[in-house]
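Enquirer: For chain A, the structure is supplied; the task is to place chain B on it using the hints.
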Amino acid sequence: MNVLLRWRRPSCFKVRQVLQQFLDGELGPDDAEFVAAHLAECDRCSVEAEIYEQVKQSLVALRPRPDQQALARLVAEAERILAAPDAD
Amino acid sequence: MSSHDAVDRDREALFREYVMPELQLLHAMAMRMTRDPHDAEDLVQDTLLRAHRAIDRFDGRYPRAWLLTILRNTQINRVRKKSPVLAFDPEATFGRLPAAEGRDTAAEQALDRIADPAVVDALARLSERHRAVVTLVDVEGLSYKEAAEMLDVPIGTVMSRLHRARARLRGILEKSGHVRKGLG
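Heads up: the sequence lines are chains A and B, in that order.
In this text, residue positions in the first sequence follow our numbering: the first is 5, and each later residue adds one.
In this text, residue positions in the second sequence follow our numbering: the first is 1237, and each later residue adds one.
In isolation and in its complexed conformation, chain A is listed as follows (with noise of 0.2 Å):
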C-alpha cells in the first residue's frame, strides 16, 4: 500500500515527517505555520503532536535542578577575568 494512502490526507504525511521538528521549534516559520494550520483541523495528527509533547514534557522532568552557590561562584569568577583580563 501506497504510505501516503495510510492517513486521509497528503498533508498528514508531510506533517508526520516534521513534527518532531516543529514540536522542537527547529521548524522555519513557514513549514511551522504548515503545520499548525494542520494540526488545528487534523484529530489524528494533533493527538500525535500532543502524546509527543507528553513525552517531552516528561523528560524535561528529569532536569536536575541548577546548584545556585555553583552558579554564584562562577559569575564571580566570569567578573574577576573581566576585571583582569591580563592575568588569563
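No lab work stands behind these hints: they were computed from the structure.
Glycine included, each C-beta is placed from N, C-alpha and C at the ideal position.
Treat the hints with care, as some may be off.
[Unchecked claim] Restraint-style ranges between C-beta atoms, simulated for each label pair: (1) B:1399 with A:34: 15 to 23 Å; (2) B:1298 with A:81: 37 to 45 Å; (3) A:27 with B:1243: 42 to 50 Å; (4) B:1391 with A:70: 38 to 46 Å.
[To be verified] With a straight-line Cα cutoff of 27 Å, these simulated DSSO-like cross-link-like pairs (lysine-lysine) come out: (5) B:1381 with A:18; (6) A:60 with B:1417; (7) A:60 with A:18.
[Claimed, not checked] Some chain A residues well away from chain B (every beta-carbon gap over 12 Å; in silico): (8) 15; (9) 18; (10) 34; (11) 36; (12) 37; (13) 40; (14) 42; (15) 44.
Expert: Okay, now just chain B, sitting in the frame of chain A:
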C-alpha cells in the same frame, strides 16, 4: 586611552552578551561531563578563560553552540592530560543510565520534581546513543545544532536518532498507560 583598553572593553561587552547568560547551561553540561561538582566548576572556569581569549574571533552566530564546543574541547584536553589512554566518549557521557543516578542521593535530590520511575525506566531501555540525544535535547533543552556539537555528529544524525528514540519511548510509555494511544 590606548587601543588596548578599547579592545578589552569590546571583549567585555561581547563576553557579557554571549557568555554570561549561559553559565547555568555550561555548568549543567560540565556536571554531566565530569560527574563531580569540583571538576565541573574547574571545567567551566577553564572554559570561561578560553571563551574570553577567543571571543573577538567569534562571529556572533550560535553563541551557545560556540560555547559548548569550547566546553567540549576543554574537557577533551583535561581527560587527555589526566590519562592519555582515556578518550572522551560523548555517547557514554551523555547516555549514562538514569538508574545509576537514581542510586545517587545527591543527584536524586537535585531533581526539581520527583522523577517519574516509569519515565526513568523507559529511558533506561533505550540504547546509549539514543539516550544521549534524548538527554541533551529533551532533558537539557539543547537545540539540534548544540546537541550535534556535543556529540560530534551531523545534525541529521541527531534528528534521526531523536526520532527513533522518542518513538521507542512513546511505545514504552503507551504500554504502561503513561501517554494516551494515538489515533493512527
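Enquirer: Against this structure, judge whether each hint is valid.
Expert: Against the structure, the hints:
| no. | hint | result |
| --- | --- | --- |
| 1 | B:1399 with A:34: 15 to 23 Å | 21 Å, holds |
| 2 | B:1298 with A:81: 37 to 45 Å | 24 Å, violated |
| 3 | A:27 with B:1243: 42 to 50 Å | 43 Å, holds |
| 4 | B:1391 with A:70: 38 to 46 Å | 27 Å, violated |
| 5 | B:1381 with A:18 | 22 Å, holds |
| 6 | A:60 with B:1417 | 16 Å, holds |
| 7 | A:60 with A:18 | 21 Å, holds |
| 8 | 15 | 15 Å, holds |
| 9 | 18 | 15 Å, holds |
| 10 | 34 | 18 Å, holds |
| 11 | 36 | 15 Å, holds |
| 12 | 37 | 20 Å, holds |
| 13 | 40 | 19 Å, holds |
| 14 | 42 | 14 Å, holds |
| 15 | 44 | 16 Å, holds |
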